[in-house]
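The whole structure should be built from the sequences, with the hints applied where relevant.
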Amino acid sequence: MSNMDSKLRLIQQSFNSRYSEWVREALDELSDNFTITDPSISGHPLVFASRSLLKMLSYSREEVIGQNGNIFQGPKTNRRTVMEIREAIREERGIQVNLVNYRKDGTPFWMLFHMSPVFGKEDGRVIHFVAVQVPITRRQRGNGGVRLSEEASGLNEIMFGSCRKEVDTNSVLELGRVLSSDSSSNVLDIEETCEASDFEKRRAANVFNSILTVLTHYSESTGRLVCGKRCSVPGVGYISSSLNISLGRIKQSFVLIDPHLPGLPIVYASDAFLKLTGYDRHEILGLNFAVLNGADTNTSSEYQIQEIIQNEQACTVRIVCYRKDKSSFWNSLHLSPVRNASGKIAYFVGVQMEEECKNMDRHGLSPEMRQLSTVGAVKVAVRSLSMAAGSSKS
Amino acid sequence: MMLRIKRVPTVVSNYQKDETEETARRSGGCGKNCLRSCCITGAKLPLYAFKKLNKIDAENDVLAIEEKEPPVAFLDSLILGEWEDRMQRGLFRYDVTACETKVIPGEYGFIAQLNEGRHLKKRPTEFRVDKVLQPFDGNKFNFTKVGQEEVLFQFEASENGEVQFYPSAHIDVENAPSVVAINVSPIEYGHVLLIPRILECLPQRIDRESFLLALYMAVEVRNPYFRLGYNSLGAFATINHLHFQAYYLAVPFPIEKAPTKKIATSNDEVIISELLNYPVRGLVFEGGDTLQDLSNTVSDACICLQENNIPYNVLISDCGKRIFLLPQCYAEKQALGEVSQELLDTQVNPAVWEISGHMVLKRRKDYDEASDENAWRLLAEVSLSDERFCEVKELIFEAIANGEDSIENTADTMLKDPIEEKNTIPKRSHRTMVAGTQECVVQQ
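Residue numbers (my numbering), protein chains in the order written: chain A, 1 to 394; chain B, 1001 to 1444.
Be aware that one or more of the hints could be misleading.
Below, simulated EDC-like cross-link-like pairs (lysine to aspartate or glutamate); rule was C-alpha separation at most 16 Å, straight line [said to hold, decoys possible]: (1) B:K1262 with A:E191; (2) A:K344 with B:D1095; (3) B:K1102 with A:E91; (4) B:K1261 with A:E191; (5) A:K251 with B:D1076; (6) B:K1257 with A:E87; (7) A:K55 with A:D28; (8) B:K1052 with B:D1289; (9) A:K76 with B:E1269; (10) B:K1102 with B:D1366; (11) A:K344 with B:E1100; (12) B:K1333 with B:D1345; (13) B:K1262 with A:E192; (14) A:K76 with B:D1318; (15) A:K76 with B:D1289; (16) B:K1257 with A:E84; (17) B:K1261 with A:E192.
Take a look, some chain B residues computed to stay more than 12 Å from chain A by CB distance [said to hold, decoys possible]: (18) R1004; (19) R1007; (20) C1038; (21) G1138; (22) L1344.
One side only, chain A facing chain B, incomplete, derived with CB under 10 Å [unchecked claim]: (23) R249; (24) V338; (25) R339; (26) G343; (27) G364; (28) L365; (29) S366; (30) E368; (31) Q371; (32) T374; (33) V375; (34) A377; (35) V380; (36) A388.
These are computed hints drawn from the structure, not numbers from a lab.
Ideal placement from N, C-alpha and C gives every residue a C-beta, glycine not left out.
Here's what the structure looks like:
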């Protein structure tokens, strides 16, 4: 199964495991523009895009599902705003900002971006992020010209070019810029800043509530309810969605083990690990990775691993590991302590290297170097993401 | 009168010795596997050759969505892997991940770290702080003296327009190699030094070519949490051998969160803004038709500051999409005895990272009591005054304008009344620029 196929499978599961069958149809009945993303899938991809949004942006569903939301950004998208969104995702909270997005043909437009997390009721984890996009219709600033009524801001047809800056003959400078801009560019000039009206903000909030109502309703029948506010404290060993998103960017096979919990459970497993071993994520989390050791494995290597963890040292051991289908492989397993912002050890990372697979792909980084780079990336993520005041402690 | 301050320099290499020891042993030949002519013959290092792009955001092309996964940021992996390797080999003076760190609760999110091991208990060295440009002195420590094990890889532009990686390439002395080395007293994980054209022994001063190299590195790593920084002499650079620094920290820097106000656009579409609501006054550069345009605009501004003897720091952030330029005057104030003892006691030298909002503190007391107010108070001392900053802006705009045809002023033209606009739009023939704020009027 190719990477893209397995990712699409995860995306399907994202909805199917949480909501009952008709949720997509119900969401499509809403005539608003919105996307739904899943932070637990590597790359934080879109798992749903409303029909209105696809029409507004001129994309087909296949073109956007599985992509990250940043595909709608472009050169005029304010970088600070992008950073604010990134941080909101990381801190698992809502945000409402004015943002420049781009249609498929490259034309930019302003819209109000209202994003909010949806939590699992029983475990308090972020299940999805819902992002509502309300196009901002342009308001003149006393310069004469068309003043659009507030009700009109709901009409998608006006949206195209609604924030296009018209050539104002009073402004020589503007004219100069329009003339001097590259004639091959189909980018219409756009205002520097744009502010959504209170009406538009209320509208965005209302749309979110409608979506949440649909999602809540369709999660009842699966028994895995969602809600708009976190109503339970995430359990011990929980990986915050921000750490999840960061770790999801690391394209190597690795697991995180929590050394403070009995049984040294796996609290995170990368997609590549699941692919290597054939397990599903929910089968692995919480288990000691000794589950990979079968009859032929040296029990002394299991003891070795426990000793490494006790000594708090980085080390590589060679052991035989077993996949779900019982096939085996030699694993050059590199283990390293990983500290969080307190300076103390929070996890151990175990990076697998299948010995038969010593391919020098990717321009030639050696497998050992790739293992080390995984350790580095995990260390950066765990340390940084535990720094913020009030961040989830994992 | 020469202005000097005394401080204990940070040790960036295990081969960096006391100044006095340095002058004592002059002649080469060390047997230490360094990068000078004594040891460099036959030396090999990994080599990463980057692809020269035109636009900064080429990979975000909205019109071309591909089916496959985005390309792995190879350079990112190379830096992390090599750094972790050196960590496991014990080359660093301490484990920076064992240092407590936190984001100070508050609006700005200043970052504090308790690091007692970074500063040695050594005799302070004298640094001349009144000259931003000083000639290279081969007797002092420079990066050709570091051991090869501290160098991670060579970094240069690819010849054939594609990314190339050679796990073990000869260091081609004729080709003016640039290298990336570790900083053995890291501020954070992955702290490295980018040393352009290392064997040419350039002094610490920015030129167009070197700045572009640094910018390419930021772009190529493709990680918004990997930032590059530069300190001029007089702005707390400790080594007068051209180098940039970089490290990973996956939280936003306060300076990145500060609001900005656009004050000008250059002819090649580089947008210049001013920082607002931030203790240090500075400029932000972004946009540009090409990466080179952005790079040259910033370089020209830096060169202008250098030539006018104004110390400054530069932060390259957001994968090279936003560049902060911060002139400062703290060292001068310190030399003139104008800084309070309380601030001096923290021993924080406000270089680029501190100014960006990342403070490394030596004393537990300072760490526990770290607050928005304290950080602000320290950084406010670093900033140029309003008037002085206005003068500096004028110098910079003139330098940039001389570097290309002309600059347009956008000021608040879109928000102003049409009547007002007629009076305030400068014509293209004027080289000076009017800043957007009321309190600063530039003389013609």
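Inset, instruction - Could you check the structure against the hints above and give me the numbers of any it violates, in ascending order? - result: none
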